[in-house]
Amino acid sequence: MAIELVQLLIYGIVLGSILALGAIGVSLVFGILRFAHFAHGDLMTLGAFFAFSFYVGLALPMPVAFVFACAATALTAVVIDALVYRRLRRTSPVILLISSFGMALILRSLVQLIWGPSNQVYDPGIQFPYLIWGLRIKPDQVTIIVGALVLVTGLHLFLQRTRIGKAMRAMADNIDLARIVGIDTERVVIWTWLIAGAMAAAAGIFLAIDTRLHPIMGWRLLLPVFAAAIVGGIGRPYGAIAGGLVIGIAQEFSTLVLSPSYKTAVAFGLMVVVLIVRPTGLFGGRR
Amino acid sequence: MDGGVGLLNYGIFLATLIGIYGIVTLGLNVQWGYTGMFNLGIGAFFAVGAYITAIATSDPSPSHLGGFGLPTVAGVILAMIGTGLLGLAICLVTITLRTDYLAIATIGIAEIVRLGLKNEGWLTAGVRGIAGIPRPVEGLVPGFDALTYLGVVLAALLLVYLAIERLYRAPWGRVLRAIRENELAAQAAGKNVVQFRIEAFVIGSMAMGLGGALYAHFVTFISPEAFRSEFATFLVWVMLIAGGSGNNRGAVVGAVLIWVIWSGTELITGRLPEDWVTRAGALRVLMIGVLLQVILLTRRQGVLPERPPRPIDE
Amino acid sequence: MSLLALDDIHGGYGGADILSGVSLTVAAGEIVVIVGPNGAGKSTAMKAVFGLITIRRGTVWFAGENLTRLRTDQIVRRGICYVPQVDNVFPSLTVEENLEMGAYVRNDDASPQLARVYELFPRLFERRSQAAGTLSGGERQMVAIGRALMLEPRLLLLDEPTAGLAPRFIDQIFETVRGINRALGLSILMVEQNARKALGFADRGYVLVLGRNRFEDTGPGLLANREIADMFLGG
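Taken in sequence, the protein lines are chains H, Y and C. Quick note: the first sequence uses this note's numbering, first residue 1, plus one each step. Quick note: the second sequence uses this note's numbering, first residue 288, plus one each step. Quick note: the third sequence uses this note's numbering, first residue 602, plus one each step.
Be aware that one or more of the hints could be misleading.
20 Å max Cα-Cα, derived SDA-like pairs, lysine to any residue [unchecked claim]:
#1 Y:K405 with H:V257
#2 H:K263 with Y:I364
#3 C:K798 with C:P754
#4 H:K263 with Y:V414
#5 Y:K405 with Y:G353
#6 H:K263 with Y:K405
#7 H:K263 with Y:N406
#8 Y:K405 with H:T264
#9 H:K263 with Y:M574
#10 Y:K405 with H:R220
#11 Y:K478 with Y:R464
#12 H:K138 with H:V121
#13 H:K263 with Y:G408
#14 Y:K405 with H:Y262
#15 C:K798 with C:E753
#16 C:K798 with C:T777
#17 C:K798 with C:N782
#18 Y:K405 with H:I216
#19 H:K263 with H:I216
#20 Y:K405 with H:V121
#21 Y:K405 with H:T255
#22 Y:K478 with Y:G408
#23 H:K263 with Y:E407
Hints listed in this document are in silico derivations from the structure and should not be mistaken for laboratory results.
Work the whole structure out from these sequences, hints included.
Below you can see the structure in the form of structure tokens.
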């Protein structure tokens, strides 16, 4: 039984790593631009399929394909912002919400048009798990956890050490004051999309490694991703990491008592409980 | 001659769906247009409405709960009550939170409804779906079943339109607008903001449930696959925004306009080369998605912008 | 020639004009105070300098240059810093990061300025790695002023720096303002609710009423004016 629990914990950390990477982007965008970006799940999908093209199509090594896919997704996010969101920024945030919901469908249809509507995988065949003290751990799962750890550390250094990273935190704190001290807010916005886009791509690729590629994979994960961002305190990237792990682990442990098909409902339930009990999230985000 | 009949039948089919979507769009107008409450779970309310009436009115079946063989009217009323309660439940949880959270909560409900329809076979017959949902006016005017049903749908649309238009002009609607424009001021004026918002959300949800119920009786077979929930949600949003949020005539005009455009996109994708056929659906969604962004960027107030009634003493 | 000149400014926040003809000047090295009753447009006049309101008519001159249509970050680069009345620190950033943000538009190494701000406010050095949101009101005001000094501006705009502070902090802030004015030769334009005290230490003052100039004189001159005393200084 104990082994089984540890096994679930590991699955939870894998899923949590993926959710955290998605939630970081949602949280950053919310902190800087003050709107819930509903196209984030489909940005994840797009990243996963970019990697598919680089890895399977162009036969590049996976790490290279990964970097290229992150870059391509980050650029896509910046372009979407420049074409649409930026022009709507002066209207109310709910208009941006609607727009991003429409953008989600645009991205999904593009993925279907370009890569087709069916399931795909990066590597056909089955991976044999390592067996350690009776625990089954697939090499891919190790890759995902380590990869997420590296990315989160990178994000931490960026936010704490670089000028633009600090400006980003400053802008999330108080956008008017950020303007007053002379921060070029549009430049910070571009950086926000670059990071959110790259992190979304990473989440999408890891999800595809863990499961498979499908045009709707990211949309299906949007709710747990938002749950993670909200549980962690929306607008707080560090909270998003914790929130991701909480949601991921809770989802896996729920399979002990619930049918696995209701994992998403567990994320939703946790989110609702947090919203009722502590609306600013566990780490004091924005209301 | 045959072509003419075919075209006529297609016209009736189109008009019936427009009527159903019109009702749902009016429901969203009460929530979003009147009150500024977000709902991204429209498809779920629609599906719940359809399933409730399907279970209530179809013949007893061993494969799912019921059916209870109730009259259609009872089924439709139950559908509206059920979706109203669902709306109430969502409100009770999220009403005091920011708009974004309501939007996320409605996505959550949509997702749970989708999972429930698929996995709770005892209730919904799962992926096999429910067949044999009665069409209420069958045989009333022999040979014109489709046309009579269209009449029923249009009558329902008219009723819903008149009812919520009346609400809009009543003091109730005025309070909702006040809440939408400035919640704090409305609160300061002694209005129970929470209660008004709940009422608006529940009324809107019921209209969506009604649309779903009418849809179920129209197509007579429903399954989880038949509801591309987030697509229905998206289409209704585009309808309301294109028509004009806050304006009920705009909502109906938007439903007509967008459904015609949506059907029209089929003409474009129909000309595509053979190997593109499987992707035609995606291309059509893409076109509507781009249309939404264009509307948001260029004519956010819609074809018929909101025109609140002026107070008499002005 | 004056460093800053507002010439017949009309404007507001998009709706009705809040300012309907404000003119004032600040000479190099001067401390100028704007006083007046609530709703007179004191803070708005200050925001006009900083490009934070819509100016419908009139011109803002700074060191011979027309600032009227410039963006806020361009104005900052010209050497003007603005310290708003409330929400004037980044709460989740540390004290030191807040100060660094003050030097955001500088492209050089700002550590000498940082050292000088710490010299001016030793208390901030003690608290340098503490989140600014956890500081007391007086300490936050120090952070806000210190952050403005990081840029070594030529003109400092202070919007009610003593609002909501305990009396012992009020004197401290006034002393600090005078200190940086003397030590750095920095011009200061400030809005003050605490009119008597402010006019007592300013070189010159303006009294605004309903978005217009009403009186202008030296600080002592305004203090001596019976009409002003009756109107705003509480007798």
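Against the structure, the hints:
{"no.": "1", "hint": "Y:K405 with H:V257", "result": "holds (19 Å)"}
{"no.": "2", "hint": "H:K263 with Y:I364", "result": "violated (33 Å)"}
{"no.": "3", "hint": "C:K798 with C:P754", "result": "violated (25 Å)"}
{"no.": "4", "hint": "H:K263 with Y:V414", "result": "holds (19 Å)"}
{"no.": "5", "hint": "Y:K405 with Y:G353", "result": "holds (17 Å)"}
{"no.": "6", "hint": "H:K263 with Y:K405", "result": "holds (14 Å)"}
{"no.": "7", "hint": "H:K263 with Y:N406", "result": "holds (13 Å)"}
{"no.": "8", "hint": "Y:K405 with H:T264", "result": "holds (14 Å)"}
{"no.": "9", "hint": "H:K263 with Y:M574", "result": "violated (33 Å)"}
{"no.": "10", "hint": "Y:K405 with H:R220", "result": "holds (15 Å)"}
{"no.": "11", "hint": "Y:K478 with Y:R464", "result": "holds (12 Å)"}
{"no.": "12", "hint": "H:K138 with H:V121", "result": "holds (16 Å)"}
{"no.": "13", "hint": "H:K263 with Y:G408", "result": "holds (18 Å)"}
{"no.": "14", "hint": "Y:K405 with H:Y262", "result": "holds (11 Å)"}
{"no.": "15", "hint": "C:K798 with C:E753", "result": "violated (26 Å)"}
{"no.": "16", "hint": "C:K798 with C:T777", "result": "holds (14 Å)"}
{"no.": "17", "hint": "C:K798 with C:N782", "result": "holds (17 Å)"}
{"no.": "18", "hint": "Y:K405 with H:I216", "result": "holds (17 Å)"}
{"no.": "19", "hint": "H:K263 with H:I216", "result": "holds (16 Å)"}
{"no.": "20", "hint": "Y:K405 with H:V121", "result": "violated (25 Å)"}
{"no.": "21", "hint": "Y:K405 with H:T255", "result": "holds (18 Å)"}
{"no.": "22", "hint": "Y:K478 with Y:G408", "result": "violated (45 Å)"}
{"no.": "23", "hint": "H:K263 with Y:E407", "result": "holds (15 Å)"}
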